[in-house]
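There are 2 protein chains.
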Amino acid sequence: MCELLGMECNVPTDIVFSFSGLAARGGGRGPHADGWGLALYEGRSVRTFLEPAAASNSSLAAYLRSNPIKTLLAIAHVRQRTRGPVSLANTHPFVRELWGRHFTFAHNGTVRGIKQRLEPGRFRPIGTTDSEYAFCALMNRLERAFPKGYPEPQALARAVARAGREIGDRGTFNFLLADGSQLFARCATKLCYIIRKAPFAKATLADDDLEVDFSTVTTPRDRVAVIATAPLTRDEDWTLGVPGQMWVFRRGRLAETLPS
Amino acid sequence: MCELLGMECNVPTDIVFSFSGLAARGGGRGPHADGWGLALYEGRSVRTFLEPAAASNSSLAAYLRSNPIKTLLAIAHVRQRTRGPVSLANTHPFVRELWGRHFTFAHNGTVRGIKQRLEPGRFRPIGTTDSEYAFCALMNRLERAFPKGYPEPQALARAVARAGREIGDRGTFNFLLADGSQLFARCATKLCYIIRKAPFAKATLADDDLEVDFSTVTTPRDRVAVIATAPLTRDEDWTLGVPGQMWVFRRGRLAETLPS
Numbered sequence: 001m002c003e004l005l006g007m008e009c010n011v012p013t014d015i016v017f018s019f020s021g022l023a024a025r026g027g028g029r030g031p032h033a034d035g036w037g038l039a040l041y042e043g044r045s046v047r048t049f050l051e052p053a054a055a056s057n058s059s060l061a062a063y064l065r066s067n068p069i070k071t072l073l074a075i076a077h078v079r080q081r082t083r084g085p086v087s088l089a090n091t092h093p094f095v096r097e098l099w100g101r102h103f104t105f106a107h108n109g110t111v112r113g114i115k116q117r118l119e120p121g122r123f124r125p126i127g128t129t130d131s132e133y134a135f136c137a138l139m140n141r142l143e144r145a146f147p148k149g150y151p152e153p154q155a156l157a158r159a160v161a162r163a164g165r166e167i168g169d170r171g172t173f174n175f176l177l178a179d180g181s182q183l184f185a186r187c188a189t190k191l192c193y194i195i196r197k198a199p200f201a202k203a204t205l206a207d208d209d210l211e212v213d214f215s216t217v218t219t220p221r222d223r224v225a226v227i228a229t230a231p232l233t234r235d236e237d238w239t240l241g242v243p244g245q246m247w248v249f250r251r252g253r254l255a256e257t258l259p260s
Numbered sequence: 001m002c003e004l005l006g007m008e009c010n011v012p013t014d015i016v017f018s019f020s021g022l023a024a025r026g027g028g029r030g031p032h033a034d035g036w037g038l039a040l041y042e043g044r045s046v047r048t049f050l051e052p053a054a055a056s057n058s059s060l061a062a063y064l065r066s067n068p069i070k071t072l073l074a075i076a077h078v079r080q081r082t083r084g085p086v087s088l089a090n091t092h093p094f095v096r097e098l099w100g101r102h103f104t105f106a107h108n109g110t111v112r113g114i115k116q117r118l119e120p121g122r123f124r125p126i127g128t129t130d131s132e133y134a135f136c137a138l139m140n141r142l143e144r145a146f147p148k149g150y151p152e153p154q155a156l157a158r159a160v161a162r163a164g165r166e167i168g169d170r171g172t173f174n175f176l177l178a179d180g181s182q183l184f185a186r187c188a189t190k191l192c193y194i195i196r197k198a199p200f201a202k203a204t205l206a207d208d209d210l211e212v213d214f215s216t217v218t219t220p221r222d223r224v225a226v227i228a229t230a231p232l233t234r235d236e237d238w239t240l241g242v243p244g245q246m247w248v249f250r251r252g253r254l255a256e257t258l259p260s
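Chains as they are written, first to last, in this note's numbering: chain D, 1 to 260; chain E, 1 to 260.
In short, the hints are calculated from the structure, not lab data.
Please read all numbers here as calculations on a predicted model, not as lab measurements.
Examples of chain D residues lying across from chain E (beta carbon under 7 Å, computed):
(1) E42
(2) R44
(3) S45
(4) R47
(5) L50
(6) S59
(7) Y63
(8) L88
(9) A89
(10) G100
(11) R122
Below, a list of computed lysine-lysine pairs in the BS3-like style, where the Cα atoms sit at most 27 Å apart:
(12) D/K197 <-> D/K70
(13) E/K197 <-> E/K70
(14) E/K202 <-> E/K70
(15) E/K202 <-> E/K190
(16) D/K115 <-> D/K190
(17) D/K202 <-> D/K190
(18) D/K148 <-> E/K148
(19) D/K115 <-> E/K148
(20) D/K148 <-> E/K115
Partial list, computed: chain D residues near chain E (C-beta under 10 Å):
(21) Y41
(22) S66
(23) W99
Just so it is clear, CB atoms sit at the ideal spot from N, CA and C, and this is done for glycine as well.
Chain D with its partners taken away, still in its complex shape (with noise of 0.2 Å):
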């Protein structure tokens, strides 16, 4: 299984001390050494770091950490194999552009006979994943959905937890997907957030001894909401998903929570 990590918020924040969590867990405490990903935005582009090897030696993950990119929104991935070789083209996140803004996918589990299952249409994948592959069907019925270009957020939300709930019926479907303004997140198994907002206190690594003192770093407005598939520090209280739930979280708030 993969592991994901998402980051949205109200003021430009780095996420080193989350995908620190992460990187441990690629490869160093964690069984998932096939590679990783950090997908970093600037408005509606995003910027992203791959790199099919493990994320706990890489000295590309070391750089990102000593090089923090403030961005507003984030989505990090690293990698345990179950289908689709070790590769750049099957490494997470996928980004595609629609409607002129990118697109960013990560995902958490194994979505069976989604390859005999994907209709034609204009996203197709490049790797072998089943993962790439029910992102690029998530991507075609969006587009379908909205032909005449991005729609309102709350109607782009509910088609994507619907689409969520049709192409994960048969498997397992975690996923993180942002889209430059919002961040959806689905719970199909295990999923956990938490806003971090005033008063900021310190916080610790689960895997890791790595402590942070969020009061230091921040202001009394700035909200960071954090998306992991499982929490990532053991002095917080994180809030578990709900199977069949989609969150979406937009300027550092969950705006809404809908059945997926």
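For chain D, the structure is supplied; the task is to place chain E on it using the hints.
Relative to the frame of chain D, chain E by itself:
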């Protein structure tokens, strides 16, 4: 104006030497301080490193020079802003998925009126540069020309050459376009290339003191095509492009020269 760099090889090769020459022009020796990008293929998939800042003093560019990634196909770009602000969305190379493979594009020049002329199509710009609009116009034409999927390489080359001529008829449209298997290089005003092959010799960067003896890092069957807006070395014979021609490189060879 911007500077272009492409590399297309028959064996995995690192682009560090040529990229160092290009990066020196990105804010150091040249005026191209408004962003840089490097796209490295692995099969049909590409990973891209982008930074909306000068390459010459970039720690990420320095990291990539110290930790070279070998590839068969690469495109790099340093930008001097002419149209569109400095931002991630406006940083070349641009990437889109078509037919289950990544297409990567970088441009030198200005294509006038392209924003008004861009027809509706599946590919839409995320940023505001004439370059990305021209790339979307090119990709929309390719998709319409081959609705069944990735065509024969020669047929694709003819379509790229034709689209390049039509889109570039009102402006300066020097570009590099890669599809994972081949590299297209269109000369509107300036472009040059060299094929490095046995017997390999020494080369010295034109903009830097860096020297490399390729005979120590190659085998006799290696072939490496390097394409740039201006010769990167001062002791090699670069072939200058003819305006209105497009080169096609495959497996380290100049495979075709087409009118464009």
